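**Student:** Just so you know, the protein sequences line up as chains A and B, in that order. Each residue of the first sequence is one higher than the last, beginning at 1 in the numbering used here. Each residue of the second sequence is one higher than the last, beginning at 1 in the numbering used here.
By construction, these hints were calculated from the structure, which means they are not laboratory data. Source: prediction; values computed, not measured. There's no promise every hint is true.
Only pairs whose alpha carbons sit at most 25 Å apart, straight line, appear in this in silico DSS-like list of lysine-lysine [claimed, not checked]: (1) B:Lys112 / A:Lys150; (2) A:Lys207 / A:Lys61; (3) A:Lys171 / B:Lys79; (4) A:Lys32 / B:Lys52; (5) A:Lys61 / B:Lys112; (6) B:Lys76 / B:Lys52; (7) B:Lys68 / B:Lys5; (8) A:Lys168 / B:Lys68; (9) B:Lys79 / B:Lys15; (10) B:Lys76 / A:Lys168; (11) B:Lys68 / A:Lys32; (12) B:Lys52 / A:Lys27; (13) A:Lys207 / B:Lys76.
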Amino acid sequence: MSYYDFHVHSAFSEGESTPEEMANRAKILGYKGMCFVVYYKGKENLEKIRKEIEDVSKRTKLEIFLGIEARNIHELNKLAKIRREFDILLARGHDINFNRKSVEMPEVDILTHPEFERKDSGLNHIMIKLAAKNNVAIEINFREILLSSKTTRSFILHNIANNVMLCKKYKTPIIICSGAISHWQLKDPSILQSMGCLFELELNEAKKSLTEIPSRIIEAVKEKRSRKWIMPGVKEI
Amino acid sequence: MNKMKTLPPSLRDRKRYISFQIISEEPIEYSDLESGIWNTMLDFLGEYGVSKTSMWLMKDNWNNDDQKGIISCNHKSIKDIVATLGLVDRLGDNRITFKILKISGTIKSLKKRQVQNYT
Numbered sequence: 001m002s003y004y005d006f007h008v009h010s011a012f013s014e015g016e017s018t019p020e021e022m023a024n025r026a027k028i029l030g031y032k033g034m035c036f037v038v039y040y041k042g043k044e045n046l047e048k049i050r051k052e053i054e055d056v057s058k059r060t061k062l063e064i065f066l067g068i069e070a071r072n073i074h075e076l077n078k079l080a081k082i083r084r085e086f087d088i089l090l091a092r093g094h095d096i097n098f099n100r101k102s103v104e105m106p107e108v109d110i111l112t113h114p115e116f117e118r119k120d121s122g123l124n125h126i127m128i129k130l131a132a133k134n135n136v137a138i139e140i141n142f143r144e145i146l147l148s149s150k151t152t153r154s155f156i157l158h159n160i161a162n163n164v165m166l167c168k169k170y171k172t173p174i175i176i177c178s179g180a181i182s183h184w185q186l187k188d189p190s191i192l193q194s195m196g197c198l199f200e201l202e203l204n205e206a207k208k209s210l211t212e213i214p215s216r217i218i219e220a221v222k223e224k225r226s227r228k229w230i231m232p233g234v235k236e237i
Numbered sequence: 001m002n003k004m005k006t007l008p009p010s011l012r013d014r015k016r017y018i019s020f021q022i023i024s025e026e027p028i029e030y031s032d033l034e035s036g037i038w039n040t041m042l043d044f045l046g047e048y049g050v051s052k053t054s055m056w057l058m059k060d061n062w063n064n065d066d067q068k069g070i071i072s073c074n075h076k077s078i079k080d081i082v083a084t085l086g087l088v089d090r091l092g093d094n095r096i097t098f099k100i101l102k103i104s105g106t107i108k109s110l111k112k113r114q115v116q117n118y119t
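Put together the whole structure using the sequences plus the hints.
**Tutor:** So this is what it looks like as structure tokens:
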């Protein structure tokens, strides 16, 4: 089974572990690929990171992708214009307007933890429908659950369950990620799968969100990075 | 003293055995692992939730050299147990990660698999 973890922070961004440590641990846990998520700091920095990632990928024989996480609407618009320069565009969910903008943009691949630091789930049925239409996957972030406790954890679990229920209803893709910032926070795929099942996902649906949905994103990314691609829905034939 | 008669198979819990390996900074002792798992289970699932799982960490099957062990539970609560194992990320100052090796209905088949992996 080809498992992927598409939200991992290494020492490139806010992470504690080196990309090599992360990749080695992912290999031990049985992943086929992963995505190192960074924040945009200019083209030169991006090229440097890409080279390092390619080196690590060759050494560990793991598929490694470069993802950029947008933190506000201004950044999101800027990244949408240079979509070809990196693999995966993630939007860091928190603010309701930002969540809305993210699901409206077909350039975005993943909306990460939409319920982050919120009292509500951060998404409603309209936004979920838009996410389904624009093929934006909604993330279940394991680190959010891992690092919280007691009341906060129960609120987070409730909000995630709400989002999962809506995603199932409108057939919006769900992706389960570890959100790890250290190689100690990378989790076994079956642990992530079981956590998905606790949110009323069927076993095959939970499995899909670790295998098939990331694979679909990879295919879409390949298309977006090809020269024939002009913009969402438009390409040269 | 008379021994209590055992339940017929049809009335017994349908058991599942989860074989796991601990990846840690330093080797883990069984007692630390047991208390860590129980505390996290009780925190996350609650006393009532844990009672429904029939969870048991099997001391006889803990291998200190390989850091491999087996947890037994009933067939309905595998997901709860496996998901909760992911929440055990620290035992004292020692950071740990669980690798789930296999889930099976008998200990015999788990061990067979382990032997196959070595050869």
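**Student:** Determine for every hint whether it applies to the structure shown.
**Tutor:** Comparing the hints with the structure gives:
| no. | hint | verdict |
| --- | --- | --- |
| 1 | B:Lys112 / A:Lys150 | 40 Å, violated |
| 2 | A:Lys207 / A:Lys61 | 23 Å, holds |
| 3 | A:Lys171 / B:Lys79 | 23 Å, holds |
| 4 | A:Lys32 / B:Lys52 | 35 Å, violated |
| 5 | A:Lys61 / B:Lys112 | 29 Å, violated |
| 6 | B:Lys76 / B:Lys52 | 9 Å, holds |
| 7 | B:Lys68 / B:Lys5 | 33 Å, violated |
| 8 | A:Lys168 / B:Lys68 | 37 Å, violated |
| 9 | B:Lys79 / B:Lys15 | 13 Å, holds |
| 10 | B:Lys76 / A:Lys168 | 23 Å, holds |
| 11 | B:Lys68 / A:Lys32 | 24 Å, holds |
| 12 | B:Lys52 / A:Lys27 | 34 Å, violated |
| 13 | A:Lys207 / B:Lys76 | 18 Å, holds |
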